[in-house]
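So the sequence lines, in the order shown, correspond to chains A and B. Everything in the first sequence is counted per the numbering used here, starting at 32 for the first residue and increasing by one. Everything in the second sequence is counted per the numbering used here, starting at 32 for the first residue and increasing by one.
Treat the hints as calculated values from the structure; they're not laboratory data. Any given hint could turn out to be false.
Identical chains blur together in the list; that is why a pair holds if it fits in one copy or across any two.
The calculated DSSO-like cross-link candidates involving lysine-lysine, where the alpha carbons are at most 27 angstroms apart (straight line), are [what the hints assert, rightly or not]:
id, residue 1, residue 2
1, LYS285, LYS146
2, LYS284, LYS146
3, LYS259, LYS288
4, LYS146, LYS288
5, LYS94, LYS284
6, LYS279, LYS146
These numbers come from a predicted model, not from an experiment.
There are 2 protein chains.
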Amino acid sequence: MKNLTHFRKLEPQPRLSVVGAGPGDPELITLKAIKAIASAQAVLYDALVDTSLLEHCSAHCEKIFVGKKPGESHSQSAINALIVEKAYALGHVVRLKGGDPFVFGRGQEEIEYAKAFGLLTNYIPGISSSYAAAGSADIPLTVRGVNESFWVMTGTKTDGSLTEDLNLGLQSTATLVILMGMNKLGEIAQLCQTYGKGDISAAIIQNGTMANQRIGISTAADLENMAKKEELCNPAIIVIGEVVSHAKPELWKKILKQALL
Amino acid sequence: MKNLTHFRKLEPQPRLSVVGAGPGDPELITLKAIKAIASAQAVLYDALVDTSLLEHCSAHCEKIFVGKKPGESHSQSAINALIVEKAYALGHVVRLKGGDPFVFGRGQEEIEYAKAFGLLTNYIPGISSSYAAAGSADIPLTVRGVNESFWVMTGTKTDGSLTEDLNLGLQSTATLVILMGMNKLGEIAQLCQTYGKGDISAAIIQNGTMANQRIGISTAADLENMAKKEELCNPAIIVIGEVVSHAKPELWKKILKQALL
Numbered sequence: 032m033k034n035l036t037h038f039r040k041l042e043p044q045p046r047l048s049v050v051g052a053g054p055g056d057p058e059l060i061t062l063k064a065i066k067a068i069a070s071a072q073a074v075l076y077d078a079l080v081d082t083s084l085l086e087h088c089s090a091h092c093e094k095i096f097v098g099k100k101p102g103e104s105h106s107q108s109a110i111n112a113l114i115v116e117k118a119y120a121l122g123h124v125v126r127l128k129g130g131d132p133f134v135f136g137r138g139q140e141e142i143e144y145a146k147a148f149g150l151l152t153n154y155i156p157g158i159s160s161s162y163a164a165a166g167s168a169d170i171p172l173t174v175r176g177v178n179e180s181f182w183v184m185t186g187t188k189t190d191g192s193l194t195e196d197l198n199l200g201l202q203s204t205a206t207l208v209i210l211m212g213m214n215k216l217g218e219i220a221q222l223c224q225t226y227g228k229g230d231i232s233a234a235i236i237q238n239g240t241m242a243n244q245r246i247g248i249s250t251a252a253d254l255e256n257m258a259k260k261e262e263l264c265n266p267a268i269i270v271i272g273e274v275v276s277h278a279k280p281e282l283w284k285k286i287l288k289q290a291l292l
Numbered sequence: 032m033k034n035l036t037h038f039r040k041l042e043p044q045p046r047l048s049v050v051g052a053g054p055g056d057p058e059l060i061t062l063k064a065i066k067a068i069a070s071a072q073a074v075l076y077d078a079l080v081d082t083s084l085l086e087h088c089s090a091h092c093e094k095i096f097v098g099k100k101p102g103e104s105h106s107q108s109a110i111n112a113l114i115v116e117k118a119y120a121l122g123h124v125v126r127l128k129g130g131d132p133f134v135f136g137r138g139q140e141e142i143e144y145a146k147a148f149g150l151l152t153n154y155i156p157g158i159s160s161s162y163a164a165a166g167s168a169d170i171p172l173t174v175r176g177v178n179e180s181f182w183v184m185t186g187t188k189t190d191g192s193l194t195e196d197l198n199l200g201l202q203s204t205a206t207l208v209i210l211m212g213m214n215k216l217g218e219i220a221q222l223c224q225t226y227g228k229g230d231i232s233a234a235i236i237q238n239g240t241m242a243n244q245r246i247g248i249s250t251a252a253d254l255e256n257m258a259k260k261e262e263l264c265n266p267a268i269i270v271i272g273e274v275v276s277h278a279k280p281e282l283w284k285k286i287l288k289q290a291l292l
């Protein structure tokens, strides 16, 4: 105990590590993230984080759930304030977020706030579901000779409408990855047809990389029907592009044959 | 030794794990990847893989370099054949690749080839430098209220020309991440100006996430000059978008002030 007290006096600097927990499978976290969790005096974690990751915490670490659950929600400003409070009270705070903190993760907002209050800050990337969920369903985002790029977008804008990025994306050969788009499947399917891409292959991957992962494949035009039939829902990503049919050639032939009947 | 022989007889199935080693920092590898490496009888690794990762191999594991180095190169077909040969001779082969195997990694080609020869195959994602290199330079690919997407593209097509995806991307608010584009900086800067985006903020991150990481920031129009001045070269990624100035507000103000002189 004497040594520990001594150490705390030598390192009073409050600090924040914004850490990516990865896409779901708790083994898809990095060594660096585990080291940060193990050295933290407090861990603030989201609903999408597998709680088995908290086993990497030290015995005296405070584990604080800040995700959304029925009847309770933590605003971003409340989380920001809690980070600063805990860092000044305890030392090293880890903010553990599903996926990667900087890929639609608001990690930057937390870092900016913490910096303004004099905290040292650090970013530790996590595997983003934007490509890992597709990959775990045998769909690579790029295939040589097929496409040169992939475009990751949120389906739903802050005002609730469908992103305009999709209009531009559908004019390219890019693989389109749509997050938060499950409530826009009808609009997405319609837009694909408007750009003459109704026949292109598409996939929905639910719970990507996890034991309960589920996948549905169809033409882009049939996305909404397929999701209903397969009972697919959030958390899920939508992938639209030639790469889907290249990854699943046998399945794709069967789908095209059914579509022609 | 008796136990080992017994085990090998029980598990003769040749198999391939295509594994992402992450963006450079050897601590940015996942637990799952380390377990795969530790259980492999052979590891085939690329030039961009930090060789300290081979310390996770078991004592009898064959470690085979298949990257490019002066006077020596391994064709993709030679690598494919070697995977199958080693899997039938030894058992579990790990193909260890920089970044993520399915993000411009040709992982799919190796998996398809291996499957055709009866191997069991498995994909283990890695942290992609496409977002982690930017993040490690304090640049998040998305910021709420600034952009709704990011587009990751190869700057150079197989025929050597600049990707047409950039034309579409410059018409959106997407953060543009360009890999393999360091020999196209002049063309990229010109195209940004053509689309009225010469003044937008841009960054080049060399050796992202590594101890020797270097970063340069400029306007999109000034990318080529900045890279020369800062002596930035491959391996590097180019990031174009408002998010750069939001992440580095003080630095950005200074750059804009210089540009106006």
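Verification of the supplied hints:
In the homo-oligomer, the alpha carbons of LYS285 and LYS146 lie at most 27 angstroms apart only across protomers (20 angstroms), although the nearest pairing inside one protomer, at 54 angstroms, exceeds that limit. For the homomeric pair LYS284 and LYS146, the shortest alpha-carbon distance between copies (18 angstroms) is at most 27 angstroms, but the shortest distance inside one copy (54 angstroms) is not. In this homomeric assembly, LYS259 and LYS288 come within 27 angstroms of each other (Cα to Cα) only inside a single copy, at 20 angstroms, whereas the closest approach across copies is 55 angstroms. Within a single copy, LYS146 and LYS288 get their C-alpha atoms only as close as 57 angstroms, which misses the 27 angstroms cut-off; across copies the closest is 24 angstroms, which meets it.
Proximity of LYS94 to LYS284 under the C-alpha cut-off of 27 angstroms is found in neither arrangement, the shortest distances being 49 angstroms within a copy and 39 angstroms between copies. For the identical chains of this complex, LYS279 and LYS146 are inter-copy neighbours only, at 12 angstroms across copies versus 47 angstroms inside a copy, given an alpha-carbon limit of 27 angstroms.
Of the numbered hints given earlier, the model fails hint 5 alone.
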